[in-house]
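*Asks:* What follows is the residue order along each chain.
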Amino acid sequence: MKLLTHNMLECRIKGIENRYPFVIEASQVDTVEQDFDPDFLRHMYPRLEWPALKAAADSLGVTGLPTSVSEDMLEDEEFLKVFHHALLEVVLIEGFLVCPESGRKFPVSKGIPNLLLNEDEV
Amino acid sequence: MFSRPSKGEQTRHLFIGNCGPAVGLSEQQCLSLLPKAGRPQLVVPSQQASHIFVTFEDVDAAVAALNHLQRVPCTVTFGRSLVVRHAAVKGPEPMPQYGAFTDAEDCKVPGLSLIKEFVTCAEEQDMLRAVENGDWEALARRRVRHYGYKFEYKSRNVDVNKPIEPMPQAVGMVMDRVRALPGMPALDQLTVNEYPLGVGLSPHIDTHSAFKGAICSLSLAGPAVMEFRRQGQHRALKLPQRSLLIMADEARLAWQHYIPHRKSDVVNSIIIPRAAHRISFTFRQVWGQTCDCPFPESCDSQQGQLPPTRKALQANAPSSGDPSTDGESLQSSSLTSGLLAITSGSDITSCTSEESGPTEPWKSSSADLSTRSQQSDSNQPVEPLEPAVLQQLASKQLLAESPPQSSIEQLVGAQKDSPPRQTTDHIQEERRHKLPANSFSALVPGPALAAADPESSRFGDKLVEVLPDTDRLDSHAAASTLGQQNHEKQAINASVAPMYGTHPDQQQGRALPQTHEQLEGTYVTSMYDAIAPHFSATRFAVWPRVRGFIESLPAGAIVADVGCGNGKYFGVRRDIMVLGSDRSIGLAKVAAQRLDPPLPNEFTTAASLRADVAVADGFVLPMRDSSCDAVLCIAVLHHISSVPRRKAMLEELLRILKPGGQAYVSVWATLQEDPAKTLAKWEALQTPSCCTPSPEPAPQNTEILGSCPVSSLPQSTSEHDESLKHQTLQAASGNIPTSASRDAPEWARPKHLGAPFSNQQTEAATGDGLDVTPDQLQGVRFDEQKQTLVFRRYYHLFEEGELSELVSSIEAAHVAECFYDKSNWCVVMSRTT
Numbered sequence: 001m002k003l004l005t006h007n008m009l010e011c012r013i014k015g016i017e018n019r020y021p022f023v024i025e026a027s028q029v030d031t032v033e034q035d036f037d038p039d040f041l042r043h044m045y046p047r048l049e050w051p052a053l054k055a056a057a058d059s060l061g062v063t064g065l066p067t068s069v070s071e072d073m074l075e076d077e078e079f080l081k082v083f084h085h086a087l088l089e090v091v092l093i094e095g096f097l098v099c100p101e102s103g104r105k106f107p108v109s110k111g112i113p114n115l116l117l118n119e120d121e122v
Numbered sequence: 001m002f003s004r005p006s007k008g009e010q011t012r013h014l015f016i017g018n019c020g021p022a023v024g025l026s027e028q029q030c031l032s033l034l035p036k037a038g039r040p041q042l043v044v045p046s047q048q049a050s051h052i053f054v055t056f057e058d059v060d061a062a063v064a065a066l067n068h069l070q071r072v073p074c075t076v077t078f079g080r081s082l083v084v085r086h087a088a089v090k091g092p093e094p095m096p097q098y099g100a101f102t103d104a105e106d107c108k109v110p111g112l113s114l115i116k117e118f119v120t121c122a123e124e125q126d127m128l129r130a131v132e133n134g135d136w137e138a139l140a141r142r143r144v145r146h147y148g149y150k151f152e153y154k155s156r157n158v159d160v161n162k163p164i165e166p167m168p169q170a171v172g173m174v175m176d177r178v179r180a181l182p183g184m185p186a187l188d189q190l191t192v193n194e195y196p197l198g199v200g201l202s203p204h205i206d207t208h209s210a211f212k213g214a215i216c217s218l219s220l221a222g223p224a225v226m227e228f229r230r231q232g233q234h235r236a237l238k239l240p241q242r243s244l245l246i247m248a249d250e251a252r253l254a255w256q257h258y259i260p261h262r263k264s265d266v267v268n269s270i271i272i273p274r275a276a277h278r279i280s281f282t283f284r285q286v287w288g289q290t291c292d293c294p295f296p297e298s299c300d301s302q303q304g305q306l307p308p309t310r311k312a313l314q315a316n317a318p319s320s321g322d323p324s325t326d327g328e329s330l331q332s333s334s335l336t337s338g339l340l341a342i343t344s345g346s347d348i349t350s351c352t353s354e355e356s357g358p359t360e361p362w363k364s365s366s367a368d369l370s371t372r373s374q375q376s377d378s379n380q381p382v383e384p385l386e387p388a389v390l391q392q393l394a395s396k397q398l399l400a401e402s403p404p405q406s407s408i409e410q411l412v413g414a415q416k417d418s419p420p421r422q423t424t425d426h427i428q429e430e431r432r433h434k435l436p437a438n439s440f441s442a443l444v445p446g447p448a449l450a451a452a453d454p455e456s457s458r459f460g461d462k463l464v465e466v467l468p469d470t471d472r473l474d475s476h477a478a479a480s481t482l483g484q485q486n487h488e489k490q491a492i493n494a495s496v497a498p499m500y501g502t503h504p505d506q507q508q509g510r511a512l513p514q515t516h517e518q519l520e521g522t523y524v525t526s527m528y529d530a531i532a533p534h535f536s537a538t539r540f541a542v543w544p545r546v547r548g549f550i551e552s553l554p555a556g557a558i559v560a561d562v563g564c565g566n567g568k569y570f571g572v573r574r575d576i577m578v579l580g581s582d583r584s585i586g587l588a589k590v591a592a593q594r595l596d597p598p599l600p601n602e603f604t605t606a607a608s609l610r611a612d613v614a615v616a617d618g619f620v621l622p623m624r625d626s627s628c629d630a631v632l633c634i635a636v637l638h639h640i641s642s643v644p645r646r647k648a649m650l651e652e653l654l655r656i657l658k659p660g661g662q663a664y665v666s667v668w669a670t671l672q673e674d675p676a677k678t679l680a681k682w683e684a685l686q687t688p689s690c691c692t693p694s695p696e697p698a699p700q701n702t703e704i705l706g707s708c709p710v711s712s713l714p715q716s717t718s719e720h721d722e723s724l725k726h727q728t729l730q731a732a733s734g735n736i737p738t739s740a741s742r743d744a745p746e747w748a749r750p751k752h753l754g755a756p757f758s759n760q761q762t763e764a765a766t767g768d769g770l771d772v773t774p775d776q777l778q779g780v781r782f783d784e785q786k787q788t789l790v791f792r793r794y795y796h797l798f799e800e801g802e803l804s805e806l807v808s809s810i811e812a813a814h815v816a817e818c819f820y821d822k823s824n825w826c827v828v829m830s831r832t833t
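So the protein sequences, as listed, match chains A and B. Residue numbering for the first sequence follows the UniProt record's numbering, beginning at 1 and increasing consecutively. Residue numbering for the second sequence follows the UniProt record's numbering, beginning at 1 and increasing consecutively.
Hints were generated in silico from the structure; no laboratory data involved. Certain hints may be false.
[Unchecked claim] Below, a list of computed lysine-lysine pairs in the DSSO-like style, where the Cα atoms sit at most 30 Å apart: (1) A:K14 / B:K647; (2) A:K54 / B:K647; (3) B:K658 / A:K105; (4) A:K14 / B:K658; (5) B:K658 / A:K81; (6) B:K263 / A:K110; (7) A:K110 / B:K7; (8) B:K212 / B:K108; (9) A:K81 / A:K54.
[Unchecked claim] If we take Cβ atoms under 10 Å as the criterion, some of the chain B residues that face chain A in the derived model are: (10) N67; (11) R71; (12) F619; (13) R624.
If you're wondering where the values come from, they're calculated on a predicted model, not measured in any experiment. Ideal placement from N, C-alpha and C gives every residue a C-beta, glycine not left out.
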């Protein structure tokens, strides 16, 4: 699971307030090369919750992401490379996505998060 | 084949005695005796025959020819008087055949050529001897062996990093000669196929990325007629014994080639019996790079990479294998010619195809069978599922006692090698909770159910020609049972355990799902989990209208593919992000294999796709509100078993869409384009009732479901069309409140899957990667006649206007487009607020 995907997901357990973002507990993280496409990053940027990306990257030990970003940085190739790497190339293979409120753990296995809920959670 | 007609009957076939090879008349001479009118086709029963048969277009032509022949002067027949009378055909009339050309040039297929007498008789014998002994791999109906590199039928590909035994010397010399032909690639791989009489080759295009450039095939031991087709065009070419066929360029990349399963061919109007067997030597150059040919519609690289199959990944996979693909895909590939079906990989043959070929030739030879079973055994690292167990399954439709643990593990197949935590836990959970309840072992017969179908009488009028895209259509598992995967909850679910736990006899052999969740869990999710790897190998055609939708999106779009199946839409564009999700863990795993770059080696630089996969329920998607620009929900909603549930899923799709964003939703239509190929294969199914499972009508449920239980259906399959139709009609005339017709009919779709249990095919049922857990056996049936496992999936077929009405009933939705496309109803809906 890429951090881009992580940025789009939230815990859908019924009746909780604080669903986003998932806390990541990683036991295996890989790097998978992706085509570097600055335009793609510029398109993605306004869609992202930056603090969630930053926190996720931090929790996986991915360094170099600034705490806050501004539009003009999207022309800076140095920044874009770091952004690209964190957003697309870092892949959570094994671990858990943890609901920030309930602490419910959703397993991630072979890169696939299982986000099915129990009957009493919906 | 031919017999005497009843007295005085005139037919379009003639028997001509005192004529034929045994009396010194060649086929051409026989043909010259006949009038040209009526397109006579000659049948020469054998080279020892002193009679021939001739088939004409119609009876009149045959009568005219009969009158003509009785006046043929004896000088033409070398003094013989002919005996001419009508003949009748035993059994069904032969299929129409395309007359074959004898020269490749006449085929007008760019890139196709044929060199006759490419090898001498002596070389032919040497080559046949060189491959005679050793490890042949048994396929469904023929056998095969490889040199240089091994072609994997499940992945339709070659591992370029794993060379195997080199060519035998006798072959190498001929191969050098082939390599020396102009424009030939550096051939380094040889596949030898032995075709018994009557066995052919299913239509396919060899995987583009697997092999580079031209493909050559030498026909030894006997001739063949190979057919070629592309976009409605059709050609046939006779491949004489010892000839070399070369498929290059368009012929190799865009034309499907195949050999029909039959015992005779028509060449120059003469019906020629096939040889007892034919052995082909196919030379190719392995490649393993992405292809950028100008034929994207048939190009695996441009359609998104195919994931390696579980079988390919199995380190200790036995080398023998049955690439049994399912009947559906074969039909799809043969009937939607040129549209989307690409049966790639050189040899996907089905022993269970609905388009039944000749009888299983291997079984005719006990010697063959024993040889093969030895091979099979020696290659099997683990014992296959006990045939006895399966027989029991077959005869009783249930397992009366717990199958041995090893059998179950076999059924669960490759999970042993890479235990996916979820599923394994799930199984263990099943064991823990269900064994005591005596349900683990109970294979309840596929609930013998019936549905009412008030509309069935209309099908015949409406249904016309083409098969639906079975390919993509059912490639998705719907979201369904909430929390089924959550063991702690589900496994001790009181309503489930007693129902499935009771011995089937106590319920008159019926165990009916009691809730929509259970029905969908049993007949949708579990089925897809069970067949996922198999299923993926046969479904990867990109559906053109969906592709169009994806291509219309802006760059940088975030697209949710809900019910992503094997993820075949992940690779359509590289400048968007696809968030795939599927309720079936099995399918999610298959889809995830696409995310890895294909065949990493020094040649490939292909990067990972911009996509991810999650296991998630379509009713409770994990995406944030308004996070997606577009949603795909292809062939999912028809797996959902009630109106409120279907509406709820649509609303969930709208929730994750940003306002103005669009969702493409497609479902199967009641209006199928080919009743013979679709509805005939369906089994009516009762939707859940809250009351005790019972064969009696339960009208109170029909208000919700629009279908009501009637007398139980027998184990209907396509062979039982009539009984199915009959019973369906009975249901229709009986108990259905018309107000509820909107929701009828409910269907389960039988899916014949590989897996006969003769020796060479056991592996197909087990090592083939079928993940069958006991719970899933609820919906699995053994078809005794076909010797296959039948996996049945639940469908709700949509009537005209039904989907758009459903969408219109949702406040936040606007129907932007609604259309019928190849047996599907499709709606593009946008989120308004």
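*Asks:* Hints first: check each against the structure and report whether it holds.
*Replies:* Verification of the hints:
For the hint pairing A:K14 with B:K647, the CA-to-CA distance comes to about 19 Å; that is within 30 Å, so the pair holds. With a CA separation close to 37 Å, the supplied pair A:K54 and B:K647 exceeds the 30 Å bound. For the hint pairing B:K658 with A:K105, the CA-to-CA distance comes to about 28 Å; that is within 30 Å, so the pair holds. A C-alpha spacing of about 21 Å is found between A:K14 and B:K658, which places the hinted pair at or below 30 Å, so the restraint holds.
Between B:K658 and A:K81 the CA atoms are separated by roughly 28 Å; this keeps the pair inside 30 Å, and the hint holds. Between the alpha carbons of B:K263 and A:K110 the distance comes to roughly 48 Å, so the proposed pair goes past 30 Å and is violated. For the proposed pair A:K110 and B:K7, the alpha carbon gap of about 72 Å is over 30 Å, so the pair is violated. Between B:K212 and B:K108 the alpha-carbon distance is near 22 Å, which keeps this suggested pair within the 30 Å criterion.
A distance of roughly 15 Å separates the Cα atoms of A:K81 and A:K54; the hinted pair therefore holds under the 30 Å criterion. A hinted interface residue such as B:N67 counts as satisfied when its beta carbon comes closer than 10 Å to some beta carbon of chain A; here the least separation is about 74 Å, so the hint is violated. Checking B:R71 against chain A: minimum C-beta separation of about 78 Å lies over 10 Å; hint violated. Here the hint on B:F619 is kept, as its CB sits about 8 Å from the closest CB of chain A, short of 10 Å.
With a least beta-carbon distance of about 5 Å to chain A, the hint placing B:R624 at the interface is held under the 10 Å criterion.
Checked against the numbered hints above, the structure breaks hints 2, 6, 7, 10 and 11 and satisfies the rest.
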